[in-house]
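Each chain, letter by letter, is given below.
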Amino acid sequence: MRIGDYKESYAADEAVFSTPTSRFWLGVLFAAMAAFPFFAGDYLLYMANITGIAIVAALGLNILTGATGQISLGHAAFIGIGAYTSAILTNRFGLPYLLCLPLAGLAAAFFGILVGAPSMRMKGLYLCITTLAAQVIFEFLFVHWETLTGGIRGLNVPAPEVFGLKIDSEFSFYWITAVVVIIAATVSRNLFRTRMGRAFIAIRDRDISAELMGINLFRYKLYAFAISSFLAGIAGSLWVGHLRSITPEHFPLHESIRYLAMIIVGGLGNILGAIYGAIFMTMIPELLQSVLKYFESMFPQAMAFLFPLQTVVFGLLIVVFLVFEPHGLAEIWCRIKNFFRLWPFKH
Amino acid sequence: MRSKILQSLILAACLSLAAGLAGAAETVKISAQQPLTGRFAFAGKHLHQGLADSLAYANEQGGIGGLKIEYIYEDTGYDLKRAIASFKKIMAKEHPVMNYGESTGEGKALAPEINNKYKILYGSTSFSQELADREKNPYMFVSGPTYAQQFGLLLKYIADHPKTKGKKATVAFFYSDTEFGRDPIPYAREMAKKLGVKVVAEEITKVGAVDVSSQILDLKRHNPDYCIFQGYVVPPIPSVIKGARDFGLDTTFMGTFWAMSKMLLGKLGADGEGYMGVCPYAYWGQTDVKMIKTIRDYNQKHHPKVDYRPNSYMQGWFTGMIFVKVARMCKERGLPITGPNLKDMLPLVKEWDTGNFAGKISFKDSNATGVGRVYVARKGEFVPASDWIYLK
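In order, the protein sequence lines correspond to chains A and B. Under this note's numbering, the first sequence has 42 at position 39, and the numbering climbs by one with no breaks. Under this note's numbering, the second sequence has 881 at position 376, and the numbering climbs by one with no breaks.
Think of the hints as simulated: they come from the structure by calculation, not from any bench. Worth double-checking, as some hints may not be accurate.
[Stated by the list, open to error] Here are the simulated DSS-like cross-link-like pairs (lysine-lysine), alpha carbons at most 27 Å apart as the crow flies:
| # | chain 1 | residue 1 | chain 2 | residue 2 |
| --- | --- | --- | --- | --- |
| 1 | A | 296 | B | 573 |
| 2 | B | 869 | A | 296 |
| 3 | B | 534 | B | 767 |
| 4 | A | 296 | A | 10 |
| 5 | A | 296 | B | 598 |
[To be verified] Example chain B residues on the side facing chain A (calculated, C-beta under 10 Å, incomplete):
| # | residue |
| --- | --- |
| 6 | 587 |
| 7 | 597 |
| 8 | 609 |
| 9 | 621 |
| 10 | 684 |
| 11 | 688 |
| 12 | 739 |
| 13 | 740 |
| 14 | 743 |
| 15 | 747 |
Being a predicted model, the structure only gives us computed values, none of them experimental. All residues carry an ideal CB built from backbone N, CA and C; glycine is no exception.
The shape of chain B in the complex, shown without the other chains (with noise of 0.2 Å):
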């Protein structure tokens, strides 16, 4: 019995290989490692599946100027030295041209290694200022507004939109001791400054924290008009702003993207309602827009079973457009499509408008695009607040 286990695999060992050797027609490669298990799969496979259905729509649509755009994807289990394993794997084996990495901590462990030597454009799900440097790191971009950028747009809101007319808003911030929760932070206590919204409390906890109630007592306290999570996925999010309710406060609490899920809308039940935040792209049910209806569409079409996506497929898809974008623009001037070529592409992506879907998308002086909307939650849903703001 052992023995035939062990010829199988042999066997499935060689086929593998065998069917690596046989596929050599030129393809625009692009690969991607996402987190399918660990703790954060319930966002990696959505990512992955939106980009994949991104690049596939786009093969649809004639590929890259005729040249077809192959997929490949590793899991990492959330795990670092697995990413970088899974990375250095693929690029041994595939030679892709563009990458979708899992992390910050994945992007800044492999920005020496993709500036000096792999050269190759790379995107991620993150949106680290870090990521964003173009001086630092030319080939690495952010699919959207940094967290940074994320809190301006926010505060920019807020700044519009005072809960007592002629009076300042005041805000609070409420995020996670961890680099996702503390990224934007220096920048959005600038920005606040600026705009002239007064920060009046900061409140820090652990990345799972469940006792919160000394937080609560301090946003109590402070009593502020908006309350700005950052670092969070779901918890400690629903008993904040239970406690806080409980309270009889009547902040409005706000997140930025990873706060912005359906998940999250229905953890929180009907304390849900009115709770807003900054995505960078449509959601799921603004039929209206024109590329959520193509992805509607192509979903009905090749995964019928399917009847929501959350913002994490979004950004999948985004990525995937932003990839096909630049690559097809080095094929209009004739260039060849490799790293280099692509990064100087990036640059040139200016006012292009995605309809309703993410804006309009320049990559201007830094390597995210410094575009959002905000939107507030109706019944269980996340609807326009406002229209898209560019932060200048």
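So here's chain A without its partners, still in its complex pose (with noise of 0.2 Å):
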């Protein structure tokens, strides 16, 4: 059980990491981090790569959607959108890519703006329906603005370089890639912690009452908007980079409500639940298959229904986790984490 837990000044009170031992554990994490990419093969770098690419997105998505509580199903296209402003400014203009990285996000912020706009004199469904139009939208004009994304077939990118050094392997962008997740959770937890991101949450909690304080909802619903492209901007150039190679299928309205899943099942509005549904989406398939392959050896016949039995599952899982903890993964882990800090106490 924890005790002595007093907070003595102001930056104790305001520290995000308040105890030694939840400071300790972060520091393992970033060791285990650090250390990961000398251990794991190709295979588990690129998983890293695209679960780390999956939670900047899912970050943006929660800052939207989790906490301001506007739906959005348009993340996709401006993840899409930073993937294209990232590939062309590099082919074309031969930027760096540490610049073509903040700049991808501006431009998806631009374009989040844009398409927030309407957030003025709509909300729920209605606004969800209008971020639909902005997929739809945004997807066509990767096909068909044909000199400037290279239409269906898309665009090839170099390697990206930085500081001199080819970033070619999944090893080295798995350094870019932990470095952007670590600020982005970094930010994103800050936000909520300024004048701003308590603004998205009384917006989401009740409008007409955060109008009442003196919360301009327009404004603030923009800034939501804007933040969350960004980052999906930002992800979208961290996805090129990786890739080396986009074109508009990379970006369709499944993706979009992938990234939707993923913050229901890590839970709404929560830094953590975006990580953890991010990772959630990404890795259950993989080891569910890897499960499969393992009955295969023992049952070679069964594998034409035990594969389509994947999804099966892999939905299931969704729908218990949301039944049994309708606040997702996010709250299970904080359930966990209080047995501990109580124990041997139950309450």
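If you follow the hints, you should be able to join the two separate chains into one complex; please do so.
Put into structure tokens, the structure is as follows:
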């Protein structure tokens, strides 16, 4: 049981990781993250990279949908805008990758603001449909603005260079992903300790009350759209730096839905939730397949039935998680943590 | 209960690890990533089975000069991210020298790394032009003619078979607004011009389009002799053909590889009679073709319950034949079977006679074959309507 948790200064009160235990575990996490690429092979590093990219994008959607309550069905399109911006800036202007990253974010944020503009007059499902429209429009542009996007064939980009080093392996890209994920998570976490973050939550919980408290709804909703798309754009830029090729088919509607599923499964409005959700949605299909592969050696004939089962099990897992814990994976984690914190007492 | 499940899972994981470490005799490793689940699973399972059977059959025939072939596969769910993950997983664990990928997207995304890092021979289920470009992607090949070449083959057939004697044939292109749909169109326009076939209409739809009435009306206005579909597997082909018949059009409808399955004929029903298209391989029903007989005998022996194999199975089987062919060429020349050597063998494949299974195969100036045959549907089966057509 944790005792003696006294806060003696404002700084201590404001700390995100307020106890030595949590700081210790954070240190362990960072150490593990730094050691991981030296032990992991290409496959695990690839999984880490795409999970990292998913985390950045999910953190973005979490700010808009989880914290501000504006459901967006256009998140994949913003990732696409970031990816195309990054690819075009690299190919046409030869800008260095580290500059492309924030610029891709800014471009996505700009379009995020445009798409968010109808939120002045609309909310809830109506706004959701306008974001769906944005998804369709941008997808159309990716395909048909051939001079800029390369049409259906998409664009190929050279491997990014950072400080003179060529980032052309999973190992080297891991460091970029890891740093961006840490920055994105830190920024998101701290955002909710500012006026802006609190305004977002107020808008989500009751927009009329928020307005009565002096929050300019329209402006703050646009902020949410901008920040969310900014992170999506960064994720897009990471995607293109990692994969080195993009086509419009990388950013379909069901990708947007997958991101929504991530933050719902993880826990809406919760930073850890977005991270867990992204990890869950990326890793579970892989894990399921590994388990099935094991059974294959025992029942080679049954594979025709077992393989399709993966999708069913994956769907069921999501349903079961949500039935038993509507607040998502983050809440489950919280309960585990509390158990240890209070141990040996129950309450 | 929970701990028991956990224990057995851990045990299972350990066992599989041990099993992986145990088998390490020298083999030629060939891997595949195919969609055994997801929306393309209906073809993926046949593509996978075709390759698996083809390689097992080659093993029965003595493997690669005595070396056994080992086949490793992973399911991708037709998801690009998972396909790449499976590829990397296999590459890290098994180090295969040849690989069979699932889609155009996967090939494109992996191209830089295959060219510079992995250097293995890469075939796939895609017929995209980009993957047959030897200059750009020397390690990648297409197991047949590219979509563009398939259009070329059909247009050649059309030019030779005008509906009214002495009058130029007219054609319409009907394609989906996807890479799959648009890939061959620019080439097809050029080819039509060269062959003197007039393109009277181009109809574009979304992929699973339901309402195609405006496109059918447009077809009616132009009344083409032939109409070629591209970028669809089944829908909206049945509704287009039915609609056209209702309007009394006597247009001959045609398809490329993916729209040349028996499944489509099943959906077309009576409207399917006379439907044509190009396929680079022979069909299950052509028992006079030697390789088809071999395939049927193999299936009789190992999968006695199977009574039909679709053209996607033939694609898997034929890709397996190419893999085995180039590996044996390496072996005959006394070269080690490595990706770079296998890649160098590909351009040396010339006039390889596969009987009537896939014509005479040469990978001359591109990593695609440029050969196919036009088939026509008769009573729910595809039968040859032409001999093998070769694009110069």
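Each hint tested on the structure:
1. Restraint check for residue 296 (chain A) and residue 573 (chain B): the C-alpha separation of about 22 Å stays at or below 27 Å, so the hint holds.
2. Among the hinted pairs, residue 869 (chain B) with residue 296 (chain A) is inconsistent with the structure: their alpha-carbon atoms are about 40 Å apart, more than 27 Å.
3. Taken as a hint, the residue 534 (chain B) and residue 767 (chain B) pair is broken in the structure, with Cα atoms around 32 Å apart against an allowance of 27 Å.
4. The straight-line distance between the Cα atoms of residue 296 (chain A) and residue 10 (chain A) is roughly 52 Å, outside the 27 Å bound, and the hint therefore fails.
5. Simply put, residue 296 (chain A) and residue 598 (chain B) have alpha-carbon atoms about 14 Å apart, close enough for the 27 Å limit, and the pair holds.
6. Because the smallest distance between the Cβ of residue 587 (chain B) and any Cβ of chain A comes to about 6 Å, under 10 Å, the interface hint for this residue holds.
7. Satisfaction of the interface hint for residue 597 (chain B) is found here, the shortest Cβ-Cβ separation to chain A being roughly 4 Å, below the 10 Å cut-off.
8. Because the closest C-beta pair between residue 609 (chain B) and chain A is about 9 Å apart, less than 10 Å, the hint holds.
9. A hinted interface residue such as residue 621 (chain B) counts as satisfied when its beta carbon comes closer than 10 Å to some beta carbon of chain A; here the least separation is about 7 Å, so the hint holds.
10. Because the closest C-beta pair between residue 684 (chain B) and chain A is about 4 Å apart, less than 10 Å, the hint holds.
11. With a least beta-carbon distance of about 7 Å to chain A, the hint placing residue 688 (chain B) at the interface is held under the 10 Å criterion.
12. For residue 739 (chain B), the suggested interface contact is broken, since its CB lies about 19 Å from the closest CB of chain A, more than 10 Å.
13. With a cut of 10 Å, the hint placing residue 740 (chain B) at the interface with chain A is violated, because the nearest CB-to-CB distance is about 18 Å.
14. Checking residue 743 (chain B) against chain A: minimum C-beta separation of about 25 Å lies over 10 Å; hint violated.
15. At a threshold of 10 Å, the smallest CB-CB gap from residue 747 (chain B) to chain A is about 28 Å, leaving the interface hint violated.
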